[in-house]
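The listed protein sequences derive, respectively, from chains Z and S.
Count the first sequence with the numbering used here and you get residues 20 to 107, in order.
Count the second sequence with the numbering used here and you get residues 71 to 454, in order.
Rather than coming from a laboratory, the hints here were simulated on the basis of the structure.
Hints are supplied without guarantee of correctness; some may be wrong.
[To be verified] Taking CB as the label site, the calculated pair distances span:
hint, chain 1, residue 1, chain 2, residue 2, range
1, S, SER273, Z, LEU85, 48 to 54 Å
2, S, SER326, Z, SER42, 43 to 49 Å
3, Z, ASP79, S, ALA243, 51 to 57 Å
4, Z, ASP93, S, VAL394, 40 to 46 Å
5, S, ASP271, Z, ASP79, 42 to 48 Å
6, Z, ALA82, S, SER423, 50 to 56 Å
7, S, GLU332, Z, ASP64, 47 to 53 Å
8, Z, ALA103, S, ASP262, 22 to 28 Å
9, S, GLN225, Z, GLN76, 18 to 24 Å
10, Z, ASP64, S, SER423, 37 to 43 Å
11, S, LEU436, Z, ASP93, 27 to 33 Å
12, S, ASP262, Z, MET54, 43 to 49 Å
[Claimed, not checked] One-sided and incomplete, this derived list gives chain S residues near chain Z with beta-carbon spacing under 7 Å:
hint, residue
13, PRO109
14, VAL110
15, ILE117
16, GLY121
17, PHE122
18, GLN158
19, LEU161
20, HIS163
21, ILE188
Cβ coordinates follow ideal geometry from the N, Cα and C atoms, glycine included.
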Amino acid sequence: MLARLFFLAACLLAGCEKQQENSACDDMCTEMVAMCGMEAYPSMDSCLQGCEYNADQGADVGAQLLCVQQASCDPFALVECEHAYGLD
Amino acid sequence: MHTASTSLTISVGLSWCLTLIGGLALAGCTQEYEISAGPVDVNPEDILECGFTPISGTQLSVYDCNPVFAGTDEAWGKSFISVGFRAQEILGHPFFQIWYAARPEGVAEGQWGLGYAISENGTEWITHPNNPLVQEDGGWDRTNIDALQIVWDTQLNEYVLWYQGYALADNPANQTWGMGVKTSADGAAWQDFNDGEMILDFSKSYNGIRYCWPMGVTHGALEGYSGFIAGAPDSINTDVCQMYRFTGQDLSDTSSFEFEAEPLLRAGPETYDTAGHASVAVVKWDDEQYFMFYVGFREWIEGNGYIYSNKHSLNMATSPDANVWSKSPDNPLPINLLQPGVVSDVAAQRVGSRIHLWVTDYYEDLGKEAVGYYIFEPDIKVHP
Numbered sequence: 020m021l022a023r024l025f026f027l028a029a030c031l032l033a034g035c036e037k038q039q040e041n042s043a044c045d046d047m048c049t050e051m052v053a054m055c056g057m058e059a060y061p062s063m064d065s066c067l068q069g070c071e072y073n074a075d076q077g078a079d080v081g082a083q084l085l086c087v088q089q090a091s092c093d094p095f096a097l098v099e100c101e102h103a104y105g106l107d
Numbered sequence: 071m072h073t074a075s076t077s078l079t080i081s082v083g084l085s086w087c088l089t090l091i092g093g094l095a096l097a098g099c100t101q102e103y104e105i106s107a108g109p110v111d112v113n114p115e116d117i118l119e120c121g122f123t124p125i126s127g128t129q130l131s132v133y134d135c136n137p138v139f140a141g142t143d144e145a146w147g148k149s150f151i152s153v154g155f156r157a158q159e160i161l162g163h164p165f166f167q168i169w170y171a172a173r174p175e176g177v178a179e180g181q182w183g184l185g186y187a188i189s190e191n192g193t194e195w196i197t198h199p200n201n202p203l204v205q206e207d208g209g210w211d212r213t214n215i216d217a218l219q220i221v222w223d224t225q226l227n228e229y230v231l232w233y234q235g236y237a238l239a240d241n242p243a244n245q246t247w248g249m250g251v252k253t254s255a256d257g258a259a260w261q262d263f264n265d266g267e268m269i270l271d272f273s274k275s276y277n278g279i280r281y282c283w284p285m286g287v288t289h290g291a292l293e294g295y296s297g298f299i300a301g302a303p304d305s306i307n308t309d310v311c312q313m314y315r316f317t318g319q320d321l322s323d324t325s326s327f328e329f330e331a332e333p334l335l336r337a338g339p340e341t342y343d344t345a346g347h348a349s350v351a352v353v354k355w356d357d358e359q360y361f362m363f364y365v366g367f368r369e370w371i372e373g374n375g376y377i378y379s380n381k382h383s384l385n386m387a388t389s390p391d392a393n394v395w396s397k398s399p400d401n402p403l404p405i406n407l408l409q410p411g412v413v414s415d416v417a418a419q420r421v422g423s424r425i426h427l428w429v430t431d432y433y434e435d436l437g438k439e440a441v442g443y444y445i446f447e448p449d450i451k452v453h454p
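Put together the whole structure using the sequences plus the hints.
Structure follows, in structure tokens:
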């Protein structure tokens, strides 16, 4: 019984790890779409879909979020954030 | 019995506790949006002011508000010479980068600079505050740099700029024509490669082939570099500049690059490219399908002591392996703005289910060359 309960807890923790990625994508897309108003993104959902896909493919979205926040909406810097932490 | 009951009570208690914690954890982690799986495939019409008009008999569409680049207002470079395009996805959405050679208005040659700009939608450009990033310094490429090609080298983690450079002189023996390379970690600060010297001298013959000009470069993480360069065997007496290829993995060891002895695409016998090729862009669609967009020309004309290519058109070829190419029976593609055509350059890149094309042509209303934006969709039926 205890083993099952620990398994349940582990699953919950794994779920939370995934949610943290989602949180980074939330914050990143808020920055790109709402704060910077980047026209490349037709909608917030589109941005989130791209971010989630990148995360699934191995992109370091947490580190990219920090880079994006430091870029302060400078597109030249944002491109290099993708090179450093995205799928390139 | 007592023991069993106690155990059951403890288990039930733990279950309640963990269920409560789990519930709270789930509530804390609740996702507030639902994301569909897979990569994003942005339709450019969703982010642009104008639409695209299908071109009958092709899988091409033309942007209704062309041109998308006709130079910038920067005082150092109001006359643009050549522009290299690149699409860079950020979170799966394309941003567009251009590097352009330009010079002050009214200046015929020399005094060139290199500029960098970015666009969020491919039509409106933000110029880099440090432009010009490179300026003519009296070297072997002092008269002009042209045919700019930019790739991101995933091994070096750097941008690599390939270009044609030349220096004209009254005495032909003092003229220089060659291919140069520059590198940059951020697209803004550029370093000379090969100590600033050309990496290929177009005045010399290499293994029985004399080269004319660079036409296009691609780089893949696995494939490395594929460069396309116009040339002709020394044995041919007529003027022709047809497509050859060179390949290589490591830019730091260009001596290991292999220059193929046979042309990748021959000039002619079709009339539209009987005199040669001027520009090319190759796009890998999948493991069994490659597309090549190229500028071919019909003839040469003389002027000011030089010969120039004339009667240009945009054409397409396809390949299952990037090695053997078949010219499209529908060539030339019906996109040139003038007859005969003066299309001079093409760049192409796949983004999602579309190939984005940038074609340099002459816009009569502007009275100068500018870049038009086109979309090619391999998976759709030919437009009626």
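Structure-based check of all given hints:
{"no.": "1", "hint": "SER273/S to LEU85/Z: 48 to 54 Å", "in the structure": "holds (51 Å)"}
{"no.": "2", "hint": "SER326/S to SER42/Z: 43 to 49 Å", "in the structure": "holds (46 Å)"}
{"no.": "3", "hint": "ASP79/Z to ALA243/S: 51 to 57 Å", "in the structure": "holds (55 Å)"}
{"no.": "4", "hint": "ASP93/Z to VAL394/S: 40 to 46 Å", "in the structure": "holds (45 Å)"}
{"no.": "5", "hint": "ASP271/S to ASP79/Z: 42 to 48 Å", "in the structure": "holds (43 Å)"}
{"no.": "6", "hint": "ALA82/Z to SER423/S: 50 to 56 Å", "in the structure": "violated (30 Å)"}
{"no.": "7", "hint": "GLU332/S to ASP64/Z: 47 to 53 Å", "in the structure": "holds (50 Å)"}
{"no.": "8", "hint": "ALA103/Z to ASP262/S: 22 to 28 Å", "in the structure": "holds (24 Å)"}
{"no.": "9", "hint": "GLN225/S to GLN76/Z: 18 to 24 Å", "in the structure": "holds (19 Å)"}
{"no.": "10", "hint": "ASP64/Z to SER423/S: 37 to 43 Å", "in the structure": "violated (19 Å)"}
{"no.": "11", "hint": "LEU436/S to ASP93/Z: 27 to 33 Å", "in the structure": "holds (30 Å)"}
{"no.": "12", "hint": "ASP262/S to MET54/Z: 43 to 49 Å", "in the structure": "violated (38 Å)"}
{"no.": "13", "hint": "PRO109", "in the structure": "holds (5 Å)"}
{"no.": "14", "hint": "VAL110", "in the structure": "holds (4 Å)"}
{"no.": "15", "hint": "ILE117", "in the structure": "holds (5 Å)"}
{"no.": "16", "hint": "GLY121", "in the structure": "violated (14 Å)"}
{"no.": "17", "hint": "PHE122", "in the structure": "violated (15 Å)"}
{"no.": "18", "hint": "GLN158", "in the structure": "holds (5 Å)"}
{"no.": "19", "hint": "LEU161", "in the structure": "holds (4 Å)"}
{"no.": "20", "hint": "HIS163", "in the structure": "holds (4 Å)"}
{"no.": "21", "hint": "ILE188", "in the structure": "holds (4 Å)"}
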